[in-house]
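Number of protein chains: 2
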Amino acid sequence: MSIRKRVPAVAGGLGAVVLLGLAANFAIGGQHYNTPSHSQKSAKAHNVIMLLGDGMGVSEVTAARYYQYGADGRMNMDKLPFTGFQTTWSVKPGFAPYKPDYDPDSASTGTMWATGAKTIDERISQGPSSADTVPGDNLETVLEVARKAGKKTGNVTTAELTDATPAVLDSHISLRGCQGPNDARATCPLETKAAGGPGSITEQTIDHKVDVLLGGGRARFEQPLVAGGTTNVVDYAKAKGYQYVTDATSMEAAKSNKPLLGLFTPVNMTTEWSGPVALQGDGTPPQRCVTTNRPPAEPSLAAMTTKALSLLQGDKDGFFLQVEGASIDKQDHAANACAQIGETVAFDKAIAIALDYQRKHPDTLVVVTADHSHTSQIVGEDTTGNGNPTGYSNNLITADDQVMRVTYGTAGGTARPTAPPSQQHTGAAVPVMAIGPGASAVLGTTDHTDLFGLLQGDALRH
Amino acid sequence: MSIRKRVPAVAGGLGAVVLLGLAANFAIGGQHYNTPSHSQKSAKAHNVIMLLGDGMGVSEVTAARYYQYGADGRMNMDKLPFTGFQTTWSVKPGFAPYKPDYDPDSASTGTMWATGAKTIDERISQGPSSADTVPGDNLETVLEVARKAGKKTGNVTTAELTDATPAVLDSHISLRGCQGPNDARATCPLETKAAGGPGSITEQTIDHKVDVLLGGGRARFEQPLVAGGTTNVVDYAKAKGYQYVTDATSMEAAKSNKPLLGLFTPVNMTTEWSGPVALQGDGTPPQRCVTTNRPPAEPSLAAMTTKALSLLQGDKDGFFLQVEGASIDKQDHAANACAQIGETVAFDKAIAIALDYQRKHPDTLVVVTADHSHTSQIVGEDTTGNGNPTGYSNNLITADDQVMRVTYGTAGGTARPTAPPSQQHTGAAVPVMAIGPGASAVLGTTDHTDLFGLLQGDALRH
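If you're matching them up, the sequences are chains A and B in order. Under the working numbering, read the first sequence as residues 1188 to 1649, first letter to last. Under the working numbering, read the second sequence as residues 1188 to 1649, first letter to last.
Since the hints were made in silico from the structure, they are not lab data. Be aware that a few hints might be false.
[What the hints assert, rightly or not] Covered by chain B, according to a simulated footprint, are these stretches of chain A (three or more residues, beta-carbon under 8 Å): (1) 1251-1260; (2) 1268-1281; (3) 1556-1564; (4) 1594-1602; (5) 1611-1617; (6) 1626-1640.
[Said to hold, decoys possible] Derived lysine-lysine pairs resembling DSSO-like cross-links, with alpha carbons at most 30 Å apart: (7) B/K1396 to B/K1442; (8) B/K1503 to B/K1547; (9) B/K1536 to B/K1396; (10) B/K1536 to A/K1286; (11) A/K1536 to B/K1286; (12) B/K1425 to B/K1503.
Think of the CB as a built atom: it goes at the ideal place given N, C-alpha and C, for glycine as much as any other residue.
Only chain A is shown next, with the shape it has when bound in the complex (with noise of 0.2 Å):
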């Protein structure tokens, strides 16, 4: 079992589908327009988004899609034309060759996409080694190959901006939770600036210089640099030329000629959508979704993708751009399907923008996919006794005004107490979808480690 892959330009797995001179002629909604042609050797990506559903398996975008559009609905996500599975195993501690884990975490899948390797799970774009706490090899991630061919790059995101998703792409470290200068002190002492190492999560990101940073996790940048020291990673980000933002307001206004920074919340930013946590049996009362948690101070995913967009284009050699849904992931983990739901709709919000901005310039590929699947899924409303799930239910009234019960049960055990705790992922393989030059790409079934090649557009060029 290799764990790095043979990335062909346009990727395909074992067995994958490799499709030559397909041009394609699309109507959408409507509109008709044209992708330049997927041969391999014509026309490759110059700009590139790249938004990640933390957790967004097919059972999410199912539930996302009903309760919001109705059984009839669509999502913007449905609307790119090439589609296909992917999966997603990482491997476990060991040594070469590594074995399989079928039920990965978001670093190890993380640093599947942004460099092309299977790792072990936590690990930031560093190979797998004998034990968690063993650094592996650093791995050349995606944004590192952008940037190397000139491209502007931004990584944006709901989460902390040093959480597995946006850290895999401006970051390497044994461990995901070494995010903060004091985390790192702590849990990867061997890889610490004062030990000679690239530092934390907050540091490599500053010393990538990535040109839009926006997430949550400002009080892991407001660790000090050193211990008991009083400089922490902002200070030290503003010092290598970073214009800092801490709400929307402020980061509508900033402007393109130095690179942003914005740290909106302390930890991970506020859901858009809140609802009761699922309870067992029968499960919560119907009811609709409060979908206004979000303060306004905190920009949403689409407005920040709007910015990120806006300070990004019209640079020569084009841009990499990721945007992370991540709270699908965690609200699924906290069995709360209102939170779930209303980050895959605010995820599919940023994926409309992604998606104008790909009309207008045909020359940028837009891929949407998931990192693992997880444990929401949608059964019926069981009145039998013994029918019920065996986990925690909530039940929903949709946009068709019906009941749609979704239910969490990987996570409980015999003794399943009452308020449920954190949900598992699963191992389902996640879907993919993909618009403009290389998207085909896609089709069929591939493995997550192929979006490496394909990630990297026109970057292979240089």
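For chain A, the structure is supplied; the task is to place chain B on it using the hints.
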């Protein structure tokens, strides 16, 4: 909410994608070949093979792939170049506009792809109505369209031949349970032949003169035509000109000069594999599956598919063949991962037969899909106490020599008996995969009803 969708020749749902002039040259597994242009106005399929994995959601596919071929392995179905997602919601009894049911059964979903219309659960190619017991309007099926166009037709399943999926092609009845004459007299009294109706599913199947009928369910056909009579539906079939076989050897010997009825078991056919039913908590001890469960007198699904193709091929008007891997669903209900995966692998072997035929006859459209998603989920091997799933789990030793945990938790309720009750279907969108003329219609997110237009191939021309 319209129950009958607008069905263009190459179907596209709301917001779905229509590809114009998409001609493709494929390289699959190192072999290059062409498919005709998929333009709406150009070549349509002369032959159609529809393969239906009952309950085979993305999770079921992934579990089978990992168990049988390992993390890096690929299934035959992974070779189909065009891939997408389909919504499967049915409607609730009532009055138009009918309200959606997000968690459908195989009768309503079968009616969707076989007729292009939404209907209520339990219904076989009839429209919805105010209650289960009130018959709906009969809806023309894709098999009927094919017969009208002079095509030969076949219907193959591992379930009873009168089970929902095969039934939707050649029968119209208000309740799926009305399989044999006795069943219909008990449950669908308004629809028996004695009452002037079309009769039970067995009788309608024979009256349809389907050229090849292979599966289980002999006991349904051995019910007497008239209450207390001695002539049964097998006798009726013989009188109508059918050759009748009951084991693999006689099936192989059947000739193409007469239509063929093969009924290999009294009820459902025997599963290919066996293994333990899932257990609470940590689940069953890690083990491999027993892969020799099916008696040799019963043909495999692949053998039935091979025989059906040999009998249907060569007609100037082409053919329509349906092949169902039925017990993926039935073993998912039973919370038995070995039997479920064995049926998925057996279904995949039937897909290989279809793909081989398609390669030699590129005017053949092959479509693979599922009628609804199901319960099984791949989770981690938790050892921390509360992290185990709330339901029932199997631990399997895969081709990688690693443990894969598959869990079932959509039924069991708060009582949660030691033996799992029948698990529920789930509402997640299903995978759809296709190759051949028109295949690109499955890209993106469409609805199960959209298959009706695609599956007609060139039959619409007549």
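Hints and how they fare:
no.: 1; hint: 1251-1260; verdict: holds (count 6)
no.: 2; hint: 1268-1281; verdict: holds (count 8)
no.: 3; hint: 1556-1564; verdict: holds (count 3)
no.: 4; hint: 1594-1602; verdict: holds (count 8)
no.: 5; hint: 1611-1617; verdict: holds (count 6)
no.: 6; hint: 1626-1640; verdict: holds (count 4)
no.: 7; hint: B/K1396 to B/K1442; verdict: holds (16 Å)
no.: 8; hint: B/K1503 to B/K1547; verdict: holds (16 Å)
no.: 9; hint: B/K1536 to B/K1396; verdict: holds (27 Å)
no.: 10; hint: B/K1536 to A/K1286; verdict: holds (27 Å)
no.: 11; hint: A/K1536 to B/K1286; verdict: holds (27 Å)
no.: 12; hint: B/K1425 to B/K1503; verdict: holds (26 Å)
When held up to the earlier numbered hints, the structure conflicts with none and fits them all.
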